[in-house]
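S.K.: Take a look at the letters that make up each chain.
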Amino acid sequence: MPLTQQEIQQFTAKACQLRKDAIDTVYWAGGGHIGGSLSFTEIMILLYYKYARIDPKNPGWDDRDRIVVSKGHAGVGYAPILADKGYFPKELLKEFNHTGSILGMHLDGNKVPGVDVSTGSLGHGLPITVGLGIGARLQGKSWLTYCVLGDGECDEGSVWEAAMAAAHYKVTNIITIVDRNRMMIDGPTEEVMRLEPFADKWKAFGWIVKEVDGHDFNQLADAIEYTQKEDKAPVVIIAHTIKGKCVDFMEDKYEWHYGGLDSEKVELAKACIEKHYCEL
Amino acid sequence: MAADGLTYTIVDTANMSTAEIYGKVLCDLAEKHKEIVGLSADLAKSTKMGQFAATFPDRFFNAGIAEQNMFGMAAGLAKAGLTPFVSTFAVFASLRAAEQVRTDICYQKLNVKIIATHAGTSFGQAGTTHHCTEDLAVMRSFANMVVIAPADGIETANAVMAAYEHKGPVYIRINRGFDPFLYEKSDYGFQIGKAVQLKDGTDITIIACGAAAYNAYHAAGILEKEDKLSVRVINMHTIKPIDEEAILKAVMETRRIVTFEDHNIVGGLGSAVAEVIVKSGKGCAFETVGIPDQYAIIGLPEDLQNYYGFDQNKIIEKVRQIMGKDFEQTEDWEDEV
Ligand SMILES: Cc1ncc(C[n+]2csc(CCOP(=O)(O)OP(=O)(O)O)c2C)c(N)n1
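Here the protein sequences come in this chain order: W and E.
Residues 1 to 280 (our numbering) are what the first sequence spells out, left to right.
Residues 1001 to 1337 (our numbering) are what the second sequence spells out, left to right.
Calculated directly from the structure, the hints in this document are not laboratory data.
Source: prediction; values computed, not measured.
The beta-carbon is built from N, C-alpha and C at its ideal position, and this holds for glycine as well.
One should not assume that every hint holds.
Claimed, not checked - Heads up, incomplete: computed chain E residues facing chain W, CB under 7 Å, no partners named:
(1) N1062
(2) T1129
(3) G1299
Start from the sequences and build out the full structure, keeping to the hints where you can.
M.R.: What follows is the structure in structure tokens.
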């Protein structure tokens, strides 16, 4: 068990808070990609609060680890994390999507401190991650690059082109995590465009595959620590998650990929989240 | 009367977003023409291709989030004799899959209709990855391509029907959400490559497309009333092939032209109009308004229209500014050729 009891408690409380922050942000924004912002919470917490070497006071620190949120549409889930880490005042979340705000639906690295790569067009994050990894290695740097992909995103050919390149160049200083919530916009991944046998595809491309419960901190932490050490081949962590996790009326519903919430629904959603954590 | 005898009015389409009108027209066409097939890339719902998918499930293909493959498949379907309508966001159609559109579709003169939604800054809150202020420039540079930016939902209906009638590739860019209606009925004589003069005038000509056309029309009304200006307004719905005659007539008759578009000022409507004017050898006062070669700010579409100078108020301001400039009206232009 890589995490202490105290860490688990701390991260669990964080997950509860950040999920509620995501709900509030959807409200302030007038709508947002909430489903996928609730499925990647545990993954993002381990990166931002445990593993990535980052310094919110010095977002441009040369030796920081890089974090590429390739599923860039999850801005309403991502921005509250950056605010909580102190990259910018939490108050700014209230201006999410507003005219002239630095915070738009897909976070812009030119404007938002802490965002390493401007994403939002799917299939761009892994190629950039492979480049970052090779770049760090070439310059003898020890920083790592973390990449979070959507599963629907893995329909893009560019993901597989990058997978091929990572194996070919033996890029092992990257940590790639797929948020396998099995849902996209038009429906379940297996109905819109079948991904299975998903793990076998990665293996065929020369990757080592770790499959974990993406809402279980210990399993995720185990896989991340394994990946950090592995130097024979790139590793992909397939994190099995639930889209809309913790909000009963959103869970596993692709219809909640993107949505708006009125104040009543906000309260309902937050009550679901609290109830979920009370019952743990 | 439009192609196929289908006409649409503001009444049939009340409360429908522009894309929903597209979805309805596509279903109407597909009902009659069995060779129409539809494709989307996990954006069937958002582009309203979903209406076609629900009505004709056997003729719809979701490519997943894989735009390049989608346009390649569309090329294959067209080569096999079908008429593919392909819908995704404008930014992915014109940039992500640009080479497939150029080499697989345009180069081979294939009969593929691309109806791209969320164009310009109409998805303003989504930021640069989803803004599309380059598509007119890109698509215009592909030989064989027809490029249309309809002004509203009714014109979108016309454009989609005309695209079906036209043999060869067509790109239609429409906005996310609702456009205010410029037209009440679809039978105003829409023709690919033929601009619509919304208002005649002799002091200045506004040439606009897309969302800017409605704003320009209403701005002109106010300028006429308050400033006693005679403003010609041209809805240049087809960017390619562009209506050279309408432009040259405006050069000679109004001697001032200003263009408005929801697109980078590099390569879009303004550039297309400029090419015609320069080639003619006749000069006139000329300005282009749009996104000034930068990535647009984040915000509500209506705020961005104001910020980038093509909402009604900013159009009025711009016209006043141009009219206030010292401009030789007495010179004998015929000498300058
Ligand atoms: C290249 C590209 N095509 C289409 C889209 C529109 N889009 C945004 S999110 C999304 C679905 C993403 O599904 P998935 O990767 O599974 O993300 P998650 O379920 O984790 O939110 C699509 C198609 C996009 N952002 N980029």
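S.K.: Once the shortest beta carbon distance from E/G1299 to chain W is found, is it less than 7 Å?
M.R.: Since chain W brings a Cβ to about 3 Å from E/G1299, closer than 7 Å, the hint holds.
S.K.: Once the shortest beta carbon distance from E/N1062 to chain W is found, is it less than 7 Å?
M.R.: holds (5 Å)
S.K.: Checking hints one by one. Is E/T1129 an interface residue toward chain W, by the C-beta closer than 7 Å rule?
M.R.: Because about 3 Å separates E/T1129 from the closest Cβ in chain W, which is inside the 7 Å limit, the hint holds.
When held up to the earlier numbered hints, the structure conflicts with none and fits them all.
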